[in-house]
Amino acid sequence: MKKFFNRTKENLTKSLELPENIILDKLQINLTENKEISIENHKGIISYTDENIKINSGCAIISICGENLFLSSLITEEILIKGDIYSIEFIV
Amino acid sequence: MIVLKSWHFLKGYMSVKVSGVHLEKYINLLSKNGISVWDIKKINPHTIEFKMLSSQKKKALNLSEKLGYNFKVLKKYGIDRIKQKAKKRKIFITGFFLCIMTIFAFSFFIWHVQIYGTQNIPNENIIESLKSYNVKEGRYKYNIDTDEIENRLLADYPKMSYCNISIKGSNFLVQVVEKNTPLKEFDKKESISLVAIEDTKIDSIIAYAGTPKVKKGDKVKKGQTLISGKVIYEKLGEKECYYVHAMGEVLAIRNRNFKNIRVNPYIIDKKDKYIKDSVYNIGKKAYSFKSKEDKKNYIPVEEDEEELKIGFIPTGITKKVTKWYNIKNKDKKTREQIENEVINYLNKSKNIDKDNIIGLYLSISHLDDNNLNVDVKVNLRENIAREKKIDKKTDKK
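For the record, the sequence lines run as chains V and U. The numbering used here applies: residue 18 is where the first sequence begins, and numbers increase by one. The numbering used here applies: residue 4 is where the second sequence begins, and numbers increase by one.
Please note that the accuracy of each hint is not assured.
Only pairs whose alpha carbons sit at most 27 Å apart, straight line, appear in this in silico DSS-like list of lysine-lysine [unchecked claim]:
#1 U/Lys-35 - V/Lys-99
#2 V/Lys-60 - U/Lys-35
#3 U/Lys-78 - U/Lys-35
#4 U/Lys-86 - V/Lys-52
#5 U/Lys-353 - U/Lys-298
#6 V/Lys-71 - U/Lys-69
#7 U/Lys-61 - U/Lys-91
#8 V/Lys-52 - U/Lys-28
#9 U/Lys-60 - U/Lys-90
#10 V/Lys-99 - U/Lys-79
#11 U/Lys-78 - V/Lys-99
#12 V/Lys-26 - U/Lys-298
#13 U/Lys-222 - U/Lys-274
#14 V/Lys-99 - U/Lys-44
#15 U/Lys-219 - U/Lys-357
#16 U/Lys-35 - V/Lys-71
#17 U/Lys-45 - V/Lys-99
#18 V/Lys-52 - U/Lys-8
#19 U/Lys-35 - V/Lys-43
#20 U/Lys-233 - U/Lys-204
#21 U/Lys-333 - V/Lys-60
#22 V/Lys-60 - U/Lys-44
#23 U/Lys-86 - U/Lys-62
#24 V/Lys-52 - U/Lys-54
#25 V/Lys-60 - U/Lys-69
#26 V/Lys-52 - U/Lys-20
#27 U/Lys-14 - V/Lys-99
#28 V/Lys-43 - U/Lys-28
#29 U/Lys-54 - V/Lys-71
#30 U/Lys-182 - U/Lys-204
#31 U/Lys-61 - U/Lys-8
#32 V/Lys-99 - U/Lys-204
#33 V/Lys-20 - U/Lys-35
Estimated spans, in silico, between C-beta atoms of each pair [to be verified]:
#34 U/Lys-8 - V/Asn-85: 19 to 29 Å
#35 V/Asn-69 - U/Ser-18: 16 to 26 Å
#36 U/Lys-75 - V/Pro-36: 50 to 60 Å
#37 V/Pro-36 - U/Lys-35: 23 to 33 Å
Hints listed in this document are in silico derivations from the structure and should not be mistaken for laboratory results. Beta carbons: idealized from backbone N, C-alpha and C, even for Gly.
Pulled out of the complex, with its shape left as it was, chain V reads as follows:
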């Protein structure tokens, strides 16, 4: 039932050309230079160190590598990471 509901919602959004990230709560990543990254609609933190932060996005694991990384803010839907970001990797 849930799958059917989700599929209908997705089809309706596509046919009406509505913004998917808002309606379907899809992952959205904003990167400001290599200093700040915000991830919306995440599913939680997997691991957290100064050099590597892994975040569960639902469809993949996002691995952020860099230096002096820290979680600037964390709320239910959004996570903000600051530091010197060297790479962002999607692990499917």
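Chain U: place on chain V using the hints.
The following block gives chain U in isolation, referenced to the frame of chain V:
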């Protein structure tokens, strides 16, 4: 960001240290339970520090207890912190608020009356008039009708051509513009002649109304008519007359003598060292504080009496200071400087305009206490006309 920080400050936030195994799980649980955290720093693999709102402490503490984490509050910030400090310093906080409230309460009243722009009208007279209108230091400022006071001042002082009153803070400011030539109010129905106030020689005569009876250079006697209020004209070969209120300016050179004017003969630089004597007047009692030093070679310079104030609030205590300057190696004033000082004295004390002085003759003698005694003979150009009512019955005879 500033808005968010301000919001956090107002709500009150705290710095927290949590230690345990697999702290990522704890962070995820916090976000899932709607606890917003920020500045999450990993101190070591088993310890994190973060900041959170004080109001959400209970929830976070319950979670950590359930999962077996060690939860420790490091520091409180914002309103909470202030509240915590205030509890320890009750007297200080009470005093602070009382002080603020007192200043706030006192700002409802007038504590200083300032008058600008006066030249001939003495400020003291205006202050006295304001007092009679119930405008004085300590008066509640919000029920003062400034327009009414302006009108009353203009009515009471004919020499005033403009008056503007404004209240800035606790200052009552009166801006005055005086008329260049103060007009005297005349009752035109009255029949008046102008007569001489003493025996003298006329220097100049200008008649605005009436018939001039003397001319420049004439010697006149006390009571002699200078400008007559009786105007004679010819009508059909017959002389007829009518009466007016004579107006005009009859100037003559007058000699006036002023004796025993005390003048300090030394040029005093106010930056020089001095010995200070103070007298405080509290009500009718006077308390003097005099230095015990020998003042043989010192000369006193008295300063104006001033009222002591705490900030802008008058205390009712007046202070008069006398400064004693050492006269050793001091230059003496020249005759010209003494003359100027005497002119200033005459202007201030005797209301003699500097421009009316034609000649000034000083007779200087020394007093015992280093001061000079000056007798002055002044030649003044003054109006010598005095009004005298015409008795029409006797005049016609």
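Structure-based check of all given hints:
Taken as a hint, the U/Lys-35 and V/Lys-99 pair is honoured in the structure, with Cα atoms around 21 Å apart against an allowance of 27 Å. A distance of roughly 9 Å separates the Cα atoms of V/Lys-60 and U/Lys-35; the hinted pair therefore holds under the 27 Å criterion. Between U/Lys-78 and U/Lys-35 the CA atoms are separated by roughly 24 Å; this keeps the pair inside 27 Å, and the hint holds. This hinted pair does not check out: U/Lys-86 and V/Lys-52 have alpha carbons roughly 37 Å apart, beyond 27 Å.
Between U/Lys-353 and U/Lys-298, the direct Cα distance comes to roughly 32 Å. Violation of the 27 Å bound is thereby established for this hinted pair. At roughly 25 Å between alpha-carbon atoms, V/Lys-71 and U/Lys-69 fall within 27 Å of each other, so this suggested pair holds. Restraint check for U/Lys-61 and U/Lys-91: satisfied, since their Cα atoms lie roughly 24 Å apart, inside the 27 Å limit. A threshold of 27 Å between alpha carbons decides the hint, and for V/Lys-52 with U/Lys-28 the separation of about 25 Å falls inside it, so the pair holds.
At most 27 Å may separate the alpha-carbon atoms for a hinted pair to count; U/Lys-60 and U/Lys-90 meet this at roughly 21 Å. Between V/Lys-99 and U/Lys-79, the direct Cα distance comes to roughly 24 Å. Compliance with the 27 Å bound is thereby established for this hinted pair. Distance restraint check for U/Lys-78 and V/Lys-99: the Cα-Cα separation of roughly 23 Å lies within the 27 Å cut-off, and the hinted pair is therefore satisfied. For a cut-off of 27 Å, the pair hint linking V/Lys-26 to U/Lys-298 is broken: about 104 Å separates their Cα positions.
Distance restraint check for U/Lys-222 and U/Lys-274: the Cα-Cα separation of roughly 53 Å exceeds the 27 Å cut-off, and the hinted pair is therefore not satisfied. At roughly 11 Å between alpha-carbon atoms, V/Lys-99 and U/Lys-44 fall within 27 Å of each other, so this suggested pair holds. Restraint check: the Cα-Cα separation between U/Lys-219 and U/Lys-357 comes to about 23 Å, which is no more than 27 Å; the hinted pair holds. At most 27 Å may separate the alpha-carbon atoms for a hinted pair to count; U/Lys-35 and V/Lys-71 meet this at roughly 17 Å.
This hinted pair checks out: U/Lys-45 and V/Lys-99 have alpha carbons roughly 13 Å apart, not beyond 27 Å. Among the hinted pairs, V/Lys-52 with U/Lys-8 is consistent with the structure: their alpha-carbon atoms are about 21 Å apart, no more than 27 Å. For the given pair, U/Lys-35 sits about 18 Å from V/Lys-43 by alpha-carbon distance, which is consistent with the 27 Å threshold. For the hint linking U/Lys-233 to U/Lys-204, the alpha-carbon distance of about 23 Å falls within 27 Å, and the restraint holds.
Proposed proximity of U/Lys-333 and V/Lys-60 is contradicted: the alpha carbons are some 91 Å apart, above 27 Å. The suggested pairing of V/Lys-60 with U/Lys-44 holds, with an alpha-carbon distance near 20 Å, which does not exceed 27 Å. Between U/Lys-86 and U/Lys-62 the CA atoms are separated by roughly 22 Å; this keeps the pair inside 27 Å, and the hint holds. The hinted pair formed by V/Lys-52 and U/Lys-54 meets the criterion: a straight-line CA distance of about 21 Å does not exceed 27 Å.
Restraint check for V/Lys-60 and U/Lys-69: satisfied, since their Cα atoms lie roughly 22 Å apart, inside the 27 Å limit. Using a Cα cut-off of 27 Å, the hinted pair V/Lys-52 and U/Lys-20 holds, with the two alpha carbons roughly 26 Å apart. The suggested pairing of U/Lys-14 with V/Lys-99 holds, with an alpha-carbon distance near 25 Å, which does not exceed 27 Å. Pair hint V/Lys-43 plus U/Lys-28 holds up; C-alpha atoms about 22 Å apart against a cutoff of 27 Å.
With a C-alpha separation of about 21 Å, the suggested pair U/Lys-54 and V/Lys-71 falls inside the 27 Å cut-off, and the hint holds. For the given pair, U/Lys-182 sits about 30 Å from U/Lys-204 by alpha-carbon distance, which is inconsistent with the 27 Å threshold. Between U/Lys-61 and U/Lys-8 the CA atoms are separated by roughly 21 Å; this keeps the pair inside 27 Å, and the hint holds. Taking the CA atoms of V/Lys-99 and U/Lys-204, the gap is near 100 Å; set against the 27 Å cutoff, the hint is violated.
Distance check on the hinted pair: V/Lys-20 and U/Lys-35 sit about 23 Å apart at the alpha-carbon level, within 27 Å; holds. Between U/Lys-8 and V/Asn-85, the C-beta spacing of about 21 Å keeps the proposed range 19 to 29 Å intact. For the pair V/Asn-69 and U/Ser-18, the supplied restraint of 16 to 26 Å holds, since their beta-carbon distance comes to about 25 Å. For U/Lys-75 paired with V/Pro-36, a C-beta distance near 43 Å fails the hint of 50 to 60 Å.
At about 25 Å, the CB distance of V/Pro-36 to U/Lys-35 agrees with the hint of 23 to 33 Å.
Comparing the model with each earlier hint shows violations of hints 4, 5, 12, 13, 21, 30, 32, 36; every other hint is respected.
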